[in-house]
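Peer 1: This is what each chain is made of:
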Amino acid sequence: MTQLTPAVRNVLSWYDGERPGVKASLARLLMHGRMGGSGKLVILPVDQGFEHGPARSFAGNPAAYDPRYHFALAIKAGLSALAAPLGLLAAGADHYAGEIPLILKANNANSLGTVKDEAVTASIRDALELGCSAIGYTIYPGSDRQYDMFEEVRAGAAEARANGLAVVVWAYPRGGQLDGKAETALDVVAYGAHIAALLGAHIIKVKVPTSLIAEPEAKASYSDGAGYGHLSSRIEHVMQAAFNGRRLVIFSGGPARDDAAMLAEVRGVHRGGGHGSIIGRNAFQRPHEEALKLLDRVIAIHLGEDA
Amino acid sequence: MTQLTPAVRNVLSWYDGERPGVKASLARLLMHGRMGGSGKLVILPVDQGFEHGPARSFAGNPAAYDPRYHFALAIKAGLSALAAPLGLLAAGADHYAGEIPLILKANNANSLGTVKDEAVTASIRDALELGCSAIGYTIYPGSDRQYDMFEEVRAGAAEARANGLAVVVWAYPRGGQLDGKAETALDVVAYGAHIAALLGAHIIKVKVPTSLIAEPEAKASYSDGAGYGHLSSRIEHVMQAAFNGRRLVIFSGGPARDDAAMLAEVRGVHRGGGHGSIIGRNAFQRPHEEALKLLDRVIAIHLGEDA
Amino acid sequence: MTQLTPAVRNVLSWYDGERPGVKASLARLLMHGRMGGSGKLVILPVDQGFEHGPARSFAGNPAAYDPRYHFALAIKAGLSALAAPLGLLAAGADHYAGEIPLILKANNANSLGTVKDEAVTASIRDALELGCSAIGYTIYPGSDRQYDMFEEVRAGAAEARANGLAVVVWAYPRGGQLDGKAETALDVVAYGAHIAALLGAHIIKVKVPTSLIAEPEAKASYSDGAGYGHLSSRIEHVMQAAFNGRRLVIFSGGPARDDAAMLAEVRGVHRGGGHGSIIGRNAFQRPHEEALKLLDRVIAIHLGEDA
Amino acid sequence: MTQLTPAVRNVLSWYDGERPGVKASLARLLMHGRMGGSGKLVILPVDQGFEHGPARSFAGNPAAYDPRYHFALAIKAGLSALAAPLGLLAAGADHYAGEIPLILKANNANSLGTVKDEAVTASIRDALELGCSAIGYTIYPGSDRQYDMFEEVRAGAAEARANGLAVVVWAYPRGGQLDGKAETALDVVAYGAHIAALLGAHIIKVKVPTSLIAEPEAKASYSDGAGYGHLSSRIEHVMQAAFNGRRLVIFSGGPARDDAAMLAEVRGVHRGGGHGSIIGRNAFQRPHEEALKLLDRVIAIHLGEDA
Amino acid sequence: MTQLTPAVRNVLSWYDGERPGVKASLARLLMHGRMGGSGKLVILPVDQGFEHGPARSFAGNPAAYDPRYHFALAIKAGLSALAAPLGLLAAGADHYAGEIPLILKANNANSLGTVKDEAVTASIRDALELGCSAIGYTIYPGSDRQYDMFEEVRAGAAEARANGLAVVVWAYPRGGQLDGKAETALDVVAYGAHIAALLGAHIIKVKVPTSLIAEPEAKASYSDGAGYGHLSSRIEHVMQAAFNGRRLVIFSGGPARDDAAMLAEVRGVHRGGGHGSIIGRNAFQRPHEEALKLLDRVIAIHLGEDA
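Residue numbers (the working numbering), protein chains in the order written: chain P, 3 to 309; chain E, 3 to 309; chain D, 3 to 309; chain Z, 3 to 309; chain W, 3 to 309.
Keep in mind the hints are simulated off the structure, nothing from the lab.
None of these values were measured; they are calculated from a predicted model.
Heads up, a few of these hints could be off.
Here are the computed distance ranges between Cβ atoms for each label pair [stated by the list, open to error]:
hint: 1; chain 1: D; residue 1: S213; chain 2: Z; residue 2: K78; range: 45 to 53 Å
hint: 2; chain 1: W; residue 1: K221; chain 2: Z; residue 2: S15; range: 33 to 41 Å
hint: 3; chain 1: Z; residue 1: K183; chain 2: W; residue 2: K221; range: 42 to 50 Å
hint: 4; chain 1: Z; residue 1: G115; chain 2: W; residue 2: N12; range: 53 to 61 Å
hint: 5; chain 1: Z; residue 1: S15; chain 2: D; residue 2: Q179; range: 49 to 57 Å
hint: 6; chain 1: W; residue 1: D146; chain 2: P; residue 2: P22; range: 28 to 36 Å
Among chain E residues calculated to face chain D with C-beta under 8 Å, some are [to be verified]:
hint: 7; residue: P143
hint: 8; residue: Y193
hint: 9; residue: E217
Don't be surprised by glycine CBs; every beta carbon is placed ideally from N, CA and C.
Can you build the whole structure from these sequences, using the hints too?
Peer 2: The structure is reproduced here in structure tokens:
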């Protein structure tokens, strides 16, 4: 944590009126690792074990069954932060204390149940005890439980802010009127980002949107010739939805797949003004060295060093 | 906060027995802006991003994606207050501290789900921290969740009043026995306003009613030849339902449309004794200068300066 | 509050073991107005605006749209108390402080929805702030939500009693196995009164029963030749169901109709040993002077001054 | 609780902004007994057993050892209220429920200790359970513990007001710079009354002041030739100190002594605009019939029926 | 609440990081009355009745015994705010709701005792219920109880800020090593102001300092030839002590005395960069018209309109 750069100062200015402790937490995230000072973030999330089960998450690279693997990877790669559920963070927070900003993913779901909801699995106190810089919650706008989830986020966010923690919201629309394709439709992703901002999120995590417009009532609003066929235009629109770019928005890579496709997507996020990437399975499901190489390229893209 | 006018003193007299702090908050709303001192209110609500999504709300005037746009618009137009969800208010409350009374819209719904309910997205403490003068809740009389919503409003209103905040209730009947047309039927709108008053609302927001009478049992009560074909007569009836005019009732403009039609409606509200208008999409979905012009005309009508 | 009469002392003796504050509240109700000291009660309830909508409730006598009308009517007529929801009481409790005992009707339903339930719309703290002598709840024995309602009443009643407030229960069987006629069947009304007593009600409000016996299993129990064809015999039976007459039971007049029929019913209640009447629509839906005349006759009947 | 008189309405108007329930409690005190409706109060306080011990308090009239004696005396004499500690009220509140307004004296001291302080011996919940209309606290302005006492009163008064109870403060300066004579000096008594009013007391109880001015710095303020040699002038000054007569102030008779002297003092209180008397030992330390006669004369003086 | 002036925006910029609600409250104080927009404050404090007794405070102008007098005076004179204890504010907050910003003086002492301490006589909840913009506490740096007082201020200030209220601290060094003259010594007054700022005060109230340097150890620090013989230089030094002028500091007029001397002092405060005056006894102890004239001159000086 050396002197803040103009880019980081600019990001912090978007949060005027927020408590100094929250700004200090945001600054810690923004000044760490290779992205430090750029105003962008590249984060390693490891909640897939909870979401999809351990084998689906880690069998491809068995070293990743060990929680400490993820701390080491994030540190080695020079990432901005590691985000994970309570147990995983608790398994490495002591050994790696002070080496990498932590985001406690405080609600979680699994693939065994049928209800589109999440359990609150950690508290603000847990986050403070582990030395986290932020707390994270997932919301499912559209689901039958969405309003309960919003209320959980609201309560958690208020307590987090009162304790100087930043709040990250994973906005994943699903359920209700939305089918599988609609979940990543441009209008729906933008809507999810906007709701997260209205709920008070400091950092918003969304999926990379497709060019589909899912809500019939919304179609007219997208007939402006802005060229939503280009990913960068779609990213630009999501940034608009996030208070005209005045909230940090990072984009997930989705399921593991072809590197070229994935990096092309990262380039689109960068060109569209997205604030970074959150790369999980694409990182930890491959051998360590390959993961470092891939993350190096993602970081280079977001730093504008990619020619 | 200059000396109260007789018109404002008269409004405050309706709330005898209420805490002095609540009266001071009402006075703050009633003494601000161009409507200041008239006993009437013109309010800018910006919860459409939550309710209908960002593009449907702001694509027509992209500057409105930025929360600060709405603060600036409300201030420039000389409105009585800005009403919005937590995240939007938090994004401008510091920069515009002390420049415009704020109403924290504390529950919200979106158009992605299928359940007729709202999430409580903000607390009284949030409202106090942001320097708000009032807190606002939507109720859906008729919906399957209506009684839960009433209980949320009751709890929030009690805490608000104990902390010197005024309570605004958006009364939007829907669900249950009501189809789309019934939602704006005269008897149903009046019923919604009455329920809001009985729940303890200080300010009630309803939609402009049509001349339809939706409840069969209510038809006889409207066969008094009062001429409900005239909008002003319908407004008069809604005011009756609001404790015979002893509660502040403001009317929404509904979806953006033809200015002449909208202004004619505002004139009807004024002639019928309504206490003002709440103009959202009709204001922020058009260019800034045009919005100022339209709001200027709405204000003029409510001030009786419209010839 | 002058010296208690033997009739009132007798009523209070039924509640031995109850907290002194609750007895003092009951005494306040029983010593007030023209019924004061008789051990009987005539109460004005004004929750019809919530239950049936404002126009159906007040269009026949528009002055009644103003909450203060009902305070003034109850005071002028010398009634025992005014019972109404939070917003209505709050609109007059200050101006009329100390002039008429108040009963806060703390749960309410409306006719727009389809769920047979009520919302809890007020708290014990609300009742104390407004200076009420009692709190009132409706239960719908038989409805799908009945047990939730019983539990709300239980919680409210316990807190009310701990704070010296009396508890009034409106026992309105409906839903479940009951069709419209069954709701006022003798066995069902008596059953509702008994449940209210068992839930700890100090004052029970029921509808005047018909001679129908609705539950097949109950028919044998009513073949005792007690002459349930006479209203007074039916009232006597309801009083039996209310701890053999050791709970205050008052009877509602139902929808507005022919005065002669209504007064005949009141006479039946009186002859059967009922403790009084609760007269809403029959009172406030007619012009003020006529309402006073009718209430005068009801009072006279319950005082035994009716020849 | 019959219709409020103009005198009582006038008293209530001094408490604008106070909760309706508190006004209703004040109205109950002001409308009860022979003083009812006059805007004045005559109260029986029985805390001397705690303050001075039972024999010093009751040996002169052994019937007064029984708590119920005091309830019966206050009722029979037509007094405004009975004020006593928890145990004494609890010993009669059930039997006399609803017959006399009660004031729970919630802090107490005894003559065995040496510290000028009082114990908080009852709660607001106790007062509500017993059906009290008010709660009372003693303060000793000047004592080393005065600030602790003020804080206790503040906490109790806030909770009382939130629950619709009136607050009575016994203002007895003592300790600190004050010797015995100073405790009843005009400037000191007025100072005590003023502090009680600033702490939020609705009813203030002070001792009848002498013409001494105890604080050297205050002497100049009393050199206005107002004739403080006359008791009525001194009472007038105390009323000034109580928000220019806009707080109810009642005066104690002090230790038992010659009736003529005592009644002369009551006349002075009446002439000076005092709002009544609080008569303890002079009432219950003499035989029942004599007590009734004396109280009858005190009441007559305050009603202006004394020729 | 009209548009903030550059002067007020500048003041608010000193409090960056503070909650928006606190800034809104500061803005309310800074935008009200004749000083509105100037960045300066002239406040009427009325706690002398508690501190010195009613006669010493109000006998010179008996109309001032009535709490409403002070509301009316502050409003008529166009002052920034009225500061007073709970009971006084409660006696006018309803009638004057919304007409003048209020500061609840939440701890108080009197002149009867010998202990240099204050009682906490009001809560944050009280301030919110009364519609106050700020809460105020006195500290006695140097006294034996100073640390208890600091802790009370800290707790109150934290709760006030969390609820959007500004915090005013009256810094009055006394006791300990300080004799009467030392209480207003330049080094001691500056020290008190600095402690208040360090405790988190938004507005600091001190006495006008003399040129005495009381602490021997401090003497060397004042040998800089800054000319502390001039009041304006001394004021400049106090402003330095208040975070180099980045905290609002207002100066009290002290006991009533010669107008010319008092106004000369106000001029010195103005020239030295003080943020305004708090004028109590000099205002309310003289006839109404004379008070208005004096306050008009004080205001003119602080507005720089005094030639």
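Peer 1: For each hint, tell me whether it holds in the structure or not.
Peer 2: Here is what the structure says about each hint:
no., hint, result
1, S213/D - K78/Z: 45 to 53 Å, "51 Å, holds"
2, K221/W - S15/Z: 33 to 41 Å, "59 Å, violated"
3, K183/Z - K221/W: 42 to 50 Å, "46 Å, holds"
4, G115/Z - N12/W: 53 to 61 Å, "58 Å, holds"
5, S15/Z - Q179/D: 49 to 57 Å, "56 Å, holds"
6, D146/W - P22/P: 28 to 36 Å, "35 Å, holds"
7, P143, "5 Å, holds"
8, Y193, "4 Å, holds"
9, E217, "7 Å, holds"
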